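**Student:** Each chain is listed here by its residues.
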Amino acid sequence: MAHLDALQQLPLSFEPSLLREVIDYDFKFPAERAAIDKELDTLSSLSVVQVKEWFQAFSQFSLSSKLEQFDWVNQPAQFVEQLSAYLWTTHQLDAFREAATAYGNRLQAAAPPEPVSERRLGIAVIGQGVAAYEAPLFRNLRPHGTYFGQIKPDNGLELLLSAVSARAEKHPVAYGHWYVDGGQPADHSPSLTCVSYQALEPVRGALLKNIQAEIKRPGMGPEELRSHLARLSPSELGMNKAGDPVLDRFQVKLLTEGSGTQIFSTTFAQWTGREVLRRAQPSTLLVRYAPRQRQRPMNELLTGNQSNPELDYTGSLIDADMGAYYQWINQQRLPGSERSAFVVWFEGHTEALAIGPSLPQGSASNSAMDLGQLVSLAAG
Amino acid sequence: MGGSPFVRGVRAAKKRKVIVITFGGGARDQETFAPEGQENIPHMLRELIPQASFFTQVTNHGILGHYVATASLATGVYETLNNFSAVPPEHPTVFEYFRKDLNRPASDAWVVAPSNGFNRIGESDYRSFGPGTGARVVLPKHLLNAATSGTTTDYEHLLRDNYETPLYTPQLVGGDFELQQLEMILKLSVDDFKAHALTVSSPDELSMYIAKRLMQEQSPSLLWITMHDIDIAHSGAYSLYVEAIRRTDRLCAELWKAVQGEPEYAGNTTLFVLPDFGRDADQDSGGNGFQHHRTGDPASRTTWMMAMGAGVREGVVYDSPMQSIDLVPTLGAVMGFSTSLSQGRPIKELV
Chain X
1 MAHLDALQQL PLSFEPSLLR EVIDYDFKFP AERAAIDKEL DTLSSLSVVQ VKEWFQAFSQ
61 FSLSSKLEQF DWVNQPAQFV EQLSAYLWTT HQLDAFREAA TAYGNRLQAA APPEPVSERR
121 LGIAVIGQGV AAYEAPLFRN LRPHGTYFGQ IKPDNGLELL LSAVSARAEK HPVAYGHWYV
181 DGGQPADHSP SLTCVSYQAL EPVRGALLKN IQAEIKRPGM GPEELRSHLA RLSPSELGMN
241 KAGDPVLDRF QVKLLTEGSG TQIFSTTFAQ WTGREVLRRA QPSTLLVRYA PRQRQRPMNE
301 LLTGNQSNPE LDYTGSLIDA DMGAYYQWIN QQRLPGSERS AFVVWFEGHT EALAIGPSLP
361 QGSASNSAMD LGQLVSLAAG
Chain V
1 MGGSPFVRGV RAAKKRKVIV ITFGGGARDQ ETFAPEGQEN IPHMLRELIP QASFFTQVTN
61 HGILGHYVAT ASLATGVYET LNNFSAVPPE HPTVFEYFRK DLNRPASDAW VVAPSNGFNR
121 IGESDYRSFG PGTGARVVLP KHLLNAATSG TTTDYEHLLR DNYETPLYTP QLVGGDFELQ
181 QLEMILKLSV DDFKAHALTV SSPDELSMYI AKRLMQEQSP SLLWITMHDI DIAHSGAYSL
241 YVEAIRRTDR LCAELWKAVQ GEPEYAGNTT LFVLPDFGRD ADQDSGGNGF QHHRTGDPAS
301 RTTWMMAMGA GVREGVVYDS PMQSIDLVPT LGAVMGFSTS LSQGRPIKEL V
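Which chain is which? The protein sequence lines are X and V, in order. Position 277, counted from 1, in the first sequence is what my numbering calls 277; the numbers after and before it change by one each time, with no gaps. Position 96, counted from 1, in the second sequence is what my numbering calls 96; the numbers after and before it change by one each time, with no gaps.
Keep in mind the hints are simulated off the structure, nothing from the lab. Note that the structure is predicted; figures quoted are calculated from it, not measured. A couple of the hints might just be wrong.
[What the hints assert, rightly or not] A partial selection of chain X residues facing chain V, derived with a Cβ cut-off under 7 Å:
#1 SER17
#2 VAL49
#3 TRP88
#4 GLN92
#5 ASP94
#6 PRO222
#7 ALA242
#8 PHE264
#9 MET298
#10 LEU302
#11 ILE318
#12 TYR326
#13 GLY348
#14 THR350
C-beta: ideal position from N, C-alpha, C; glycine also.
Construct the complete structure from the given sequences, taking the supplied hints into account.
**Tutor:** Take a look at the structure:
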């Protein structure tokens, strides 16, 4: 209510997207709430002339009468979906992208993010179950860090989880330290926020049943299905009402708004890492990839063989290698990126790569060390 | 040889054939022609590019959805139809221009399309062209569904229609017509078709089989094939996306080899190969890299085109920008028909 006056001055092409975020405030992570608070404070502080200047580009988008008459106050998410389709159709999307980017830059300049006290650390563990792999790994990351070829792999995962837990215990912050596992999670400290593909199996099953029921309804189409999925709540998918409502809602969205997250554990792990970084902006994130199911070729599908799907270990490693790169890119978008550290390890093997302020870029090292020592080297 | 040169010229123009392969599932430069991606396209790089004119800057300024973008490629206009509905393009297609201007029969223009949502791409609903003036469309997966219906196992759910909306498949009526197509037009029994389907690993391999069959049995002068395997990128599995690029690379080379081996096509065919658009860049925060094409950033809008065969200079690279809607007026100039309502411009390096 305190910011109602500010909201009412905003153009229709912008306001519903902000309103959508505000409506979900109670289910946002602390970092998101802080960002929304800052944005609303900034907008409220603008004069009428400044609002006009800031939003001139958005004011110039032509909208259909259907959009203008839409009940966006009560259905801002649906408005944004329809706006997106309209902007594509009317060739206005590129201009909207420019306007949005310019707004984001302006907002960041007016209200810079709080400095990060603790150096951010990201860890990716890839290639679970792969016995041997000859092709070079970490190709996209090598220019940015130091490759280590003589890592001692023993107890590697335990050492990494221990390092992550130590950070969580030293700097306890709600949703500040995460462990994402694409399979069955390993033993870990309760101080970590944990999301795993395995733990969400009942939710995935419930979601699939929900989708199959919806598809049969008359008038259902891909966009209607998408809108329906976006509105699903944790309780509708069988999640315990006594759980953490913020985390549960986040987990549901991974499955209802992510593409492929329901099918492939590697996609789930990568997308989850992306969303954790974007939304929770954690100090620490460890993503461990697990083997995904094998994509069955068409002729195999045609034989009607319904046996349990096999796992594709090598394909999963390739997926995860790219996923680790994307995890680093997404981490680098966050405040304090110049001091951030990142480690990726080929699980069970001697290869790893580390990126950190004290580590040379594009180089290699034969130093023999364990994963705990590597994390200390990268993160200080 | 008798007859005036004009008659011979008309005969030559009549014999000219064009095949267009589009990738309905964009591929980025970094997984294809950039140095780090070239390992994924050995056939295009070593066999096709040396024979081709290669255009490095083909931009799609329209909607980045596969059906609407492919329809735009086929009409030379940035269509704005609903990407998720099986509706005809609003503007005349290259097939209608071709058939109307050159008075060609229905058997002379064909489309082999990857998914049910493409079943109306052969013909627009533009008034002055009317129904029945466009291309016939074959949907190999739909054929396969028709051929396998009535068996004890339901294959439908296994043959995912497309990767953009994997949970939803536009429903097409019928199946009998499609089976008639198999037997009468392609001279292929249902059993033989099913037997062949059991030997191929992907829908695009099945599409290529059908395309080669069309070339053998119907010899269409204008054949359009849209491949789709690459779009598995939407599932987020990078290894499957790269694997599909490699398969598509091989299939393009196989088709060109088939062209050289068919008497009706050898020496008088121009092949065009182009993705409908690219995919999002790794660095764009609005997307998730290779997985989608949602941002409209330069990486998602910019792709390449390869032209080879009759009338095309070999081993030349062109960096000047062009648009994907330039394909239709270029085909018109190459084959001698008007494309009056298309909005692109003929590619001067090819006409």
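**Student:** If a hint holds in the structure, say so; if it does not, say that too.
**Tutor:** Results of checking the hints against the structure:
1. SER17: 13 Å, violated
2. VAL49: 30 Å, violated
3. TRP88: 5 Å, holds
4. GLN92: 10 Å, violated
5. ASP94: Result: holds, 5 Å to nearest chain V Cβ.
6. PRO222: 4 Å, holds
7. ALA242: Hint on ALA242 (chain X): violated, closest Cβ of chain V at ~31 Å, above 7 Å.
8. PHE264: 5 Å, holds
9. MET298: 5 Å, holds
10. LEU302: This interface hint holds because 6 Å falls under the 7 Å limit.
11. ILE318: This interface hint holds because 4 Å falls under the 7 Å limit.
12. TYR326: 6 Å, holds
13. GLY348: 19 Å, violated
14. THR350: 23 Å, violated
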